[in-house]
Amino acid sequence: MNIQFWVIQVFNGVSYGALLFLVGSGLSLIFGVMRIVNLSHGSYFMLGGYIALSVINATGSWALSIPLAALAVAVIGMVMERVFLRPLGFDPLRQVLLTVGFAFLFQQAALDIWGGNNMDITPPAVLTRSIVIGGVYLPTYRMFMIGLALAIGLALWLVIEKTRVGAAVRATVDDAQMARGVGIDTNRISMFIFALGAFLAAVGGVIGGAFLGVFPGLDFEMLPLAFAVVIIGGMGSLSGAAIGALLVGLADNFGKALFPEISYFTLYAPMVLILAVKPTGLFGRE
Amino acid sequence: MVSQQSKILMVAAGLVVLALVIPYTSSFVVLLATRALAFAILAMSLDILLGFTGLASLGQAAYFGVGAYLTAVLATKFQFGMGWDFWLVVVLGILLGAALAAVFGLFAIRATDVYFLMITLALGQCVWGLAYRWNSLTGGDNGLIIKARPKFGLDLTNEVTFFYLVFGFFTVSLILMYVLVKSPFGKSLAGIRGHELRMKILGYNTWLHKYIAFVIAGGFGGLSGVLWAHTNGIVTPEDVVLTTSVDALLMVVLGGAGTLIGGVIGSAIVLLLREYLSTLVPWWQYVLGGVYVLTILYLPTGLMGIPKRIRQGFTRSANK
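Order-wise, the sequence lines are chains A and B.
For the first sequence, our numbering assigns the number 861 to the initial residue and increments by one for each residue that follows.
For the second sequence, our numbering assigns the number 291 to the initial residue and increments by one for each residue that follows.
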């Protein structure tokens, strides 16, 4: 194992982490604000990929498919939150079962609309090349993924930390009752965050569609990974989600390269330990 | 109010009818009933946690999985458990399920509410990860195929004989779990579900009570897995996947948590959808998803809770 092996593995791990950040940050915000264990979050990722495929088929534009797919999924998420989840109130078990029910419904709908084949999203030619740096081939697409995650992460950070809406979101994460007490409309915050989470997951689905593919079952493949990101990083914290995504991305890559037989175990066992020691995650807000 | 005794009589009568009628139906129904009863042991064990202790576990398929994989690994790699030693496998499966729960419980029991859901999800994923990736032991994605069922005086390849064996295990499990929840130990579990702090103040070691319930549920999960492995003849990572754990939760909630029998009814309904409806129509998942959503929206106390709700409806209108 030479230096090139490590460079490539780190690069792959970081770029996979960038994708996981898109899925995980939304789930983390949703959990932080509403304490909802949302098991249809993986479905948002999958639906994002499928809707993007349809947009590309209709318009031929890959760039257009990202915002359109994400907006469509955000609307789906918003409807789910308003119509079904909010009336349930805080009841983790029933939230879990309701969101799983929706995940099955989405799975069947996707199968009916887009069929059961594994499909790929083809990005523009610029992003399918590789750049050679010091004898190591680095695909431009993975660089783009890292760049996009950084840009989105920065934008989210600015919104959450520097705006009035962001302050209201942080207040709701810390203490929803107090937030309501000082006149913050936590219902609207919840709706906004749920839509934003679905939006981010769908962006991830479009981006991930180029190298994971889009296929039935993608939803439940991504879901536990998203939870790993949230739990390791910490719930309701953006920087936590970023670090969690990076750690999970690297752990997943090195696990598969170095000890494939226990590679998922090495991913989920730390998740258990962190939950047992510090349930709010490494960087979670107390 | 229906008395406890007449409830027991109704369940017993139902079981007798099942035992008498099922063998005369088609082989498909026999297999479906066998599957439902084998899985029902897992659902009932989850009900001990969910309905009687108030612990919603999202990783119960783990114990089911180790029981099933133990059976399959012993059968395929060592030709063990194909004769009288089948009974030894049953004991080992129960012990392994309980042992795994004893380890997992150390991490999980401290957590409450949402965090208990999350940590049991993570623990379940650990087992799934090993099943999926540890190719040399588990056969990876392809799973392990058990070529034949055990033979020891009884020929279990005969579907009806095998049905009666699973029926026997199911009935014994049901009785044991019923005795457990009615025992003083079961009463203190109910106390914990109702108000844990109060039980602590009364001097109960609530952690230990929950831990013991968790381990017992794990043991029954292991038994359920052993039977499941022989019912299907194949064990794959699908058996330990997150959706299997969630299915078990739905079965309990759909039938009615805290009733034991509710989990059995739920198991029959969900497996009927998964195994039978899926062969009839391609859109069966709409029905499964619909059952999930409708159960949560309209059946908060499950199917077993319907008679009580109807009675309450009557008294309410009578009082008007």
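Among the hints, erroneous ones may be present.
Derived SDA-like pairs: lysine to any residue, alpha-carbon spacing no greater than 20 Å straight-line [said to hold, decoys possible]: (1) A:K1138 - B:V393; (2) B:K437 - B:L562; (3) B:K297 - B:K437; (4) A:K1116 - B:L427; (5) A:K1138 - B:L427.
Covered stretches of chain A (chain B as the covering partner; in silico rule of three or more C-beta atoms under 8 Å from a C-beta of chain B) [unchecked claim]: (6) 953 to 965; (7) 997 to 1006; (8) 1014 to 1021; (9) 1081 to 1087.
Keep in mind that the hints were calculated from the coordinates and are not lab data.
Virtual Cβ for every residue (Gly too), placed ideally from N, Cα, C.
Evaluated hints:
At roughly 18 Å between alpha-carbon atoms, K1138 (chain A) and V393 (chain B) fall within 20 Å of each other, so this suggested pair holds. Distance restraint check for K437 (chain B) and L562 (chain B): the Cα-Cα separation of roughly 25 Å exceeds the 20 Å cut-off, and the hinted pair is therefore not satisfied. Using a Cα cut-off of 20 Å, the hinted pair K297 (chain B) and K437 (chain B) is violated, with the two alpha carbons roughly 41 Å apart. Restraint check for K1116 (chain A) and L427 (chain B): satisfied, since their Cα atoms lie roughly 17 Å apart, inside the 20 Å limit.
Between K1138 (chain A) and L427 (chain B) the CA atoms are separated by roughly 33 Å; this puts the pair beyond 20 Å, and the hint is violated. Coverage of the stretch 953 to 965 of chain A by chain B holds in this model, with 11 residues showing a Cβ closer than 8 Å to a Cβ of that chain against a need of three. Evaluation of the coverage hint for the stretch 997 to 1006 of chain A: breached, as 0 residues show C-beta separations to chain B shorter than 8 Å, against a requirement of three. Only residues whose beta carbon comes within less than 8 Å of a beta carbon in chain B count, and the stretch 1014 to 1021 of chain A has 0; fewer than three means the coverage is violated.
Counting residues of the stretch 1081 to 1087 of chain A whose beta-carbon sits less than 8 Å from any beta-carbon of chain B gives 3, enough to reach three: the coverage restraint holds.
Hint violations for this structure: numbers 2, 3, 5, 7, 8, all remaining hints satisfied.
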